[in-house]
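Chains A and B, in that order, give the protein sequences. Per full-length UniProt numbering, residue 1 is the first one in the first sequence, and the count goes up by one each step. Per full-length UniProt numbering, residue 1 is the first one in the second sequence, and the count goes up by one each step.
Think of the hints as simulated: they come from the structure by calculation, not from any bench. Virtual Cβ for every residue (Gly too), placed ideally from N, Cα, C. Treat the hints with care, since some could be wrong.
Unchecked claim - Per the computed footprint, the stretches of chain B lying under chain A, defined by three or more beta-carbons under 8 Å from a beta-carbon of chain A, are:
#, region
1, 79-86
2, 89-95
3, 170-183
4, 248-262
5, 302-314
Read off the chains here:
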Amino acid sequence: MRGGVSLRYGVLVLLAVMVLVPFAGIVLAALHPSGAQLDGLSIPDRWSWETFALAWERGNFTNLMRSSVLIAVFVVPLAVVMATLAGYGLAVLRVWGHRTLSFAFVMGLTLPIEVIVVALYFNLREVGLTDSYVGVILAEAALFMPFGVYWMQTHFSNVPEELIEAARIDGARDLVVLARVLLPISWPAVTTLSVLYFMWSWNQFMLVLVMMQDPDRRTAPSGLGLFVGQYTTDIPLLAAACLIVIAPIVVVYLVFQRSFVSGITQGAIKG
Amino acid sequence: MAREPSTAVSPPRAAPARGAETAGGPARPPRRLGRRARGWLYVLPALAVYLGFAIWPALNTLRLSLLTWDGILPPVWAGLSNYVKIFQDEALYEAILHSLALIVFFSVIPIGVGLLMTALLMGKVRRGMTFFRIVFFLPQVLPLVAVGITWRWLYSENGAVNQLLDAIGLASVTRAWLGDYGLALIALGLIGTWVMSGLCMMLFLAGAQKIDPSLYEAARLDGAGALRQFRHVTVPGVRREITVAGVITTIAALASFDLVFVTTNGGPAGQTNVPGLLVYRLAFNEGDIGGASALAVVLTVIVIAVVSAVRYFTRDEER
Numbered sequence: 001m002r003g004g005v006s007l008r009y010g011v012l013v014l015l016a017v018m019v020l021v022p023f024a025g026i027v028l029a030a031l032h033p034s035g036a037q038l039d040g041l042s043i044p045d046r047w048s049w050e051t052f053a054l055a056w057e058r059g060n061f062t063n064l065m066r067s068s069v070l071i072a073v074f075v076v077p078l079a080v081v082m083a084t085l086a087g088y089g090l091a092v093l094r095v096w097g098h099r100t101l102s103f104a105f106v107m108g109l110t111l112p113i114e115v116i117v118v119a120l121y122f123n124l125r126e127v128g129l130t131d132s133y134v135g136v137i138l139a140e141a142a143l144f145m146p147f148g149v150y151w152m153q154t155h156f157s158n159v160p161e162e163l164i165e166a167a168r169i170d171g172a173r174d175l176v177v178l179a180r181v182l183l184p185i186s187w188p189a190v191t192t193l194s195v196l197y198f199m200w201s202w203n204q205f206m207l208v209l210v211m212m213q214d215p216d217r218r219t220a221p222s223g224l225g226l227f228v229g230q231y232t233t234d235i236p237l238l239a240a241a242c243l244i245v246i247a248p249i250v251v252v253y254l255v256f257q258r259s260f261v262s263g264i265t266q267g268a269i270k271g
Numbered sequence: 001m002a003r004e005p006s007t008a009v010s011p012p013r014a015a016p017a018r019g020a021e022t023a024g025g026p027a028r029p030p031r032r033l034g035r036r037a038r039g040w041l042y043v044l045p046a047l048a049v050y051l052g053f054a055i056w057p058a059l060n061t062l063r064l065s066l067l068t069w070d071g072i073l074p075p076v077w078a079g080l081s082n083y084v085k086i087f088q089d090e091a092l093y094e095a096i097l098h099s100l101a102l103i104v105f106f107s108v109i110p111i112g113v114g115l116l117m118t119a120l121l122m123g124k125v126r127r128g129m130t131f132f133r134i135v136f137f138l139p140q141v142l143p144l145v146a147v148g149i150t151w152r153w154l155y156s157e158n159g160a161v162n163q164l165l166d167a168i169g170l171a172s173v174t175r176a177w178l179g180d181y182g183l184a185l186i187a188l189g190l191i192g193t194w195v196m197s198g199l200c201m202m203l204f205l206a207g208a209q210k211i212d213p214s215l216y217e218a219a220r221l222d223g224a225g226a227l228r229q230f231r232h233v234t235v236p237g238v239r240r241e242i243t244v245a246g247v248i249t250t251i252a253a254l255a256s257f258d259l260v261f262v263t264t265n266g267g268p269a270g271q272t273n274v275p276g277l278l279v280y281r282l283a284f285n286e287g288d289i290g291g292a293s294a295l296a297v298v299l300t301v302i303v304i305a306v307v308s309a310v311r312y313f314t315r316d317e318e319r
């Protein structure tokens, strides 16, 4: 296994190329004029940036982006606050029945969205919460809750007991202990959870597809899922629309990539 | 990317996850009852939303699976007939078989590729390792709809896959891959491999951080080469992470929807139908809510069964 270094780099580069070629493919495709017939990966004769403008307009992206941002902006803080409070209650205050409750939340991790979404649509239709931001926001918060509660509970149960006891001896109330003692040392965990929630909210497809019939209230991915049906053959236009939807999440990933990584790896590893 | 320091893999903070099982342990002193009761106020908002918008609908889906209902007229009691239908209707049980086949591509192969990536990225810090790690994980953060649209084009008659095959002299095998009766499911599965491998790698890298370096030292003294060190030290060391990766990717395979919806929509001739797609179609296009619910319930049972099996077969006897 001498000379392994170049072999190692060779395989790494090959794998990286396999991951990146599809990206290169749609970037190149998007730079062709709308309606052009493409033959594999090809460099356009001239960069057609206007394809993006056209995709934005045809895809109704002003409304889609507004919905996506609106939903994420409410879901993320709402779900993070609820998960943090519940994690605190379960791990530190150790409420009556906390084992049963923890188990009930963790069970939710294995429920496929299909089994929730069918009845959820008809339940929310009865109370007028379909085609409603409120309905989607609460439903997403519920879907994300098992992971968030599990994550914050795990985090809090690793905080040294003495830290909490010391604050209590000083007479601090429960909420003060959480706000003044626990939260200041929990920002990494909270940031990770927020970034994950943002990603899941941004990428959520089936739920929005079912709940939002009104095209102006759909989110970017669900709008894209239907856009593809209308412009099946216009590859440059589809590629541009894809890039528009991908761009925000890629930017968030590159900025917060360490949070992403620690969230996904540590959150997933349970006892 | 500039934010990342050069120490390749960021060390995981003192493994908070391991504490999960001790959360209910007897180590902590008993507290006043008042606090344990007041604690409910903290749990209540999360619990209410979770019960109202996840558990209650799931139970309702179970109830709906026993009815014949089109979503408009009053429902009629159907007993177990919706379930019987799943095993009589070829399209329905084939969809279940397809989703089981997808486990190979979403779970088994990515775990293998993830282990390979881990082996290549581990050990002495070298230039560019952070770059590779970021790149390999990237597909995992993208919306699957966009991934699907991208691959639909790559796999098309004039796509990059055929371009490559042409270039290496395999023009005879080129085709519209997602439209091929026999190969569409495999082509679809390989998209899953592309998405999931980086996730597996990330989990394994985190696990490999916790392996005691002296184990490698001992193996080296015994004359074990890089390959045997990986097999006998690294792989057993990331066993937990392999289980977790198996569970997450298996759920993704069985419950897949987004990717299939935009790439093949079940075609050609139902060869890539999966339960998620049929649940959606039955409930929201064909007005067979009972049938859709029954299929969703069967899917849930399969997910729980397979996840339990994965955990059982990859369990660690020592722990």
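Going down the list of hints, with the structure as the test:
1. 79-86: violated (count 0)
2. 89-95: Violated, because only 0 residues of the region 89-95 of chain B bring their Cβ atoms closer than 8 Å to Cβ atoms of chain A.
3. 170-183: Per the Cβ count (0), the hint is violated.
4. 248-262: holds (count 8)
5. 302-314: Our answer is that it holds, as 3 residues pass the Cβ test (under 8 Å) against chain A, meeting three.
Hints 1, 2, 3 from the list above are not met by this structure, while the remaining hints are.
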